[in-house]
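A.B. asks: Chain by chain, the residues:
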Amino acid sequence: MRFTLADSRLLRESVNIISELVTEVTFKVSKSGIDLLAIDPANVAMVDFKLTPAAFTEFETEKDMDLSVNLENLKAILKRSKPEDTIIVSLDKDKNRLTIDLTGSGKRTFNLSLIDYDREQQKLPNLKFNAKITVPASKLDDAIADMGIVSDSVALIASNTNFTMKAEGNLSDAKVDFPACDDTVISLGKEEEVMAKYAIEYLAKMARGSKLADEVSLSFANDYPLRVEYNVQGKLHLGFVLAPRVSND
Amino acid sequence: MRFTLADSRLLRESVNIISELVTEVTFKVSKSGIDLLAIDPANVAMVDFKLTPAAFTEFETEKDMDLSVNLENLKAILKRSKPEDTIIVSLDKDKNRLTIDLTGSGKRTFNLSLIDYDREQQKLPNLKFNAKITVPASKLDDAIADMGIVSDSVALIASNTNFTMKAEGNLSDAKVDFPACDDTVISLGKEEEVMAKYAIEYLAKMARGSKLADEVSLSFANDYPLRVEYNVQGKLHLGFVLAPRVSND
Amino acid sequence: MRFTLADSRLLRESVNIISELVTEVTFKVSKSGIDLLAIDPANVAMVDFKLTPAAFTEFETEKDMDLSVNLENLKAILKRSKPEDTIIVSLDKDKNRLTIDLTGSGKRTFNLSLIDYDREQQKLPNLKFNAKITVPASKLDDAIADMGIVSDSVALIASNTNFTMKAEGNLSDAKVDFPACDDTVISLGKEEEVMAKYAIEYLAKMARGSKLADEVSLSFANDYPLRVEYNVQGKLHLGFVLAPRVSND
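If you read the sequences in order, they're chains A, B and C.
Counting in our numbering, the first sequence runs from 41 upward without gaps.
Counting in our numbering, the second sequence runs from 41 upward without gaps.
Counting in our numbering, the third sequence runs from 41 upward without gaps.
Careful: at least some of the hints might be erroneous.
Note: identical chains are not told apart, hence a pair may lie in one copy or across any two.
Straight-line Cα separation of at most 30 Å, DSSO-like style, residue types lysine-lysine; simulated pairs [said to hold, decoys possible]:
#	residue 1	residue 2
1	K103	K230
2	K119	K230
3	K237	K90
4	K135	K251
5	K115	K133
6	K179	K122
7	K135	K206
8	K237	K122
9	K68	K230
10	K115	K251
11	K275	K133
12	K206	K251
13	K251	K237
14	K147	K206
15	K115	K68
For the record, the hints were derived by calculation from the structure and aren't laboratory data.
Here the structure is a predicted model, which is why all the values come from computation and not from measurement.
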């Protein structure tokens, strides 16, 4: 097994974002790329991540493998990479560890031990949404920061002409409108309005996907889980599922 | 009541500075602009602030009004404005709150509840000063930071030819001279030298007015309150009164 | 005694670095410059520093003198200097203090009291090394940061063709190679390999010498103290001695 990344940014930012939700994870390596599916310790959020062979300059793997690591350690190592560094990840079977070479003006080698991490196999839940919104990723990031100054939860409300985020605090409240237009696409099911509430703390972590992709899609239904998805040109998929806050919260 | 600000900087920076001294305030709105007069909880400093209609692109108000708000909440909202945003503030009488619209690449709306805040009417004290100094605002800011590394109080000393700030600490002391010159104007009464001491903690907060105006004036007398004033071209006035530290401190 | 520095950077950065190891120090002033030799409170590291008259635009001293100061206070004062400031240091004998003038767009004066600081005369130990390595200072700084994410100690290993830094942590380890080449010079004694371990905490403080000089030399022997040295074109010498961590640490 040997992967080479000419640009470390996609992997580094993804690991940064995912490590905000989970610490110990299992990467599944196969000919179709690297996959991860994990649930946060509070069972409120799920993250699914895929890096395809197209994201690598070299992607060699003989057989399917599960590689469990501590993300904090991996994050610390990737943080040491410089923009001009090439990253080579290989498996040291004998010592049960990953070898990560950062080569640029010099060569630096890190070894990261694989961990035992048995957790029952997870699957993405089969969800049916009534609303799907696509907005510029940076605008979602901004809007969630807007909400964060007044409350710890936000309502997402979609109609055919408008997508609204609303938060209500003690002394102040906030509202951001995304009217359906060039950069905001709204697709609704039969209902005229779809509404659900989510925790801002989690949304803020997910919205950092704006560092990876220009666009984000939000799929939800009334009082139903939210699906957040970022895609980078066939190279990367970063998705989340977030449990709703039911209305009597 | 409806105000539009094409440039949010003046309001945002003013609120930042004032919120360092007081949390709950009453803005008085009239045809002549927006006024504020407040005393800090320790009764050591007073701040007076005026934003004239010239600071706004639109300034409509039917009658005089007192609008009391929590400055921390207002600060958090204004902090969310971007340089290119237009800010529109209006009164939602029914719900007893201010509506603040930030419009730029999108439209974001915040509502800020008015608070009950009855405090006896304050007035600026009638003060007679023996010295008035005008210096570049950034130089005052710098000099106070210089003083701050050696002590928590500073002496202001004015003669006809020189304005001096002095601080004495345990192991070190500091002195900054502002000789009367092009950018430093000194105007003294009958006395040959005027001297008073003030708390650096408060002065440092006031000196942040350098973010608003290029020049600052300092008026004082022997062991007497200090008046600090910033003005922006007929648009804004930000003033402070600071109680002296008497010499046997 | 009177020194003038047109460029405050050398003195300011040196004091910043040294103050991370010791707080109270004695500067020895003589016609050959300013010297300092100090041991950190834990007796693990020694620092020696020399600023020659060539570093100054004016360097006047009548007789040899010992000037003891609190480095934290000196650091705070030097931090207030701006890049364009000229620094003039003189001795105020009557008041037993240093006078430090920062002159640029204005003149600011700080006085720093000399302290009583009697400690037995220190001398640099007479050390015999088996390996001497010269590497770019920024690369050493980087490599130590690399090591710091996996452990609190690092092994330095020198052979005739390669210099290696290695650190081992619980779940991960790190290794940086400096092959002998244009910018890495390795000079070994009779032994084929030389190895010793040192505390990263101390090395990280010393490696900040990269702010002063482009190159650093490391001299050591098996389980023996390390000598770290930075030189600036005959103007400045900043050296350290660091006790080894013996292998059964």
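A.B. asks: If the cutoff is 30 Å on CA atoms, where do K115 and K251 land: within, between, both or neither? Let me know, please.
C.D. replies: both (16 Å within a copy, 27 Å between copies)
A.B. asks: Within, between, both or neither: how does the pair K179, K122 come out at a Cα-Cα threshold of 30 Å?
C.D. replies: both (28 Å within a copy, 12 Å between copies)
A.B. asks: Within a copy, between copies, both or neither: where do K237 and K90 come within 30 Å Cα-Cα?
C.D. replies: within (27 Å within a copy, 41 Å between copies)
A.B. asks: Between copies, within a copy, both or neither: which fits K68 and K230 at Cα up to 30 Å?
C.D. replies: neither (38 Å within a copy, 50 Å between copies)
A.B. asks: Can you give me the call for K135 and K206, within, between, both or neither, at a CA distance of at most 30 Å?
C.D. replies: between (52 Å within a copy, 17 Å between copies)
A.B. asks: Can you give me the call for K115 and K68, within, between, both or neither, at a CA distance of at most 30 Å?
C.D. replies: The answer is within: 18 Å in one copy meets 30 Å, while 47 Å across copies does not.
A.B. asks: At most 30 Å between CA atoms: does that hold for K206 and K251 within a copy, between copies, both, or neither?
C.D. replies: within (24 Å within a copy, 33 Å between copies)
A.B. asks: Using 30 Å as the alpha carbon limit, work out where K237 and K122 are close: within a copy, between copies, both or neither.
C.D. replies: The answer is between: 27 Å across copies meets 30 Å, while 39 Å in one copy does not.
A.B. asks: Pop the pair K251 and K237 into one bin, within, between, both or neither, using alpha-carbon distances up to 30 Å.
C.D. replies: Only inside one copy: K251 and K237 sit 24 Å apart there, 40 Å across copies, limit 30 Å.
A.B. asks: Go through the copies and call it for K135 and K251: within, between, both or neither, with a Cα cutoff of 30 Å.
C.D. replies: Intra 34 Å, inter 39 Å, cutoff 30 Å: neither.
A.B. asks: 30 Å Cα cut-off: does K103 pair with K230 within a copy, between copies, both or neither?
C.D. replies: neither (45 Å within a copy, 48 Å between copies)
A.B. asks: Within, between, both or neither: how does the pair K119, K230 come out at a Cα-Cα threshold of 30 Å?
C.D. replies: neither (46 Å within a copy, 39 Å between copies)
Of the hints listed earlier, those the structure fails to meet are numbers 1, 2, 4 and 9, in rising order.
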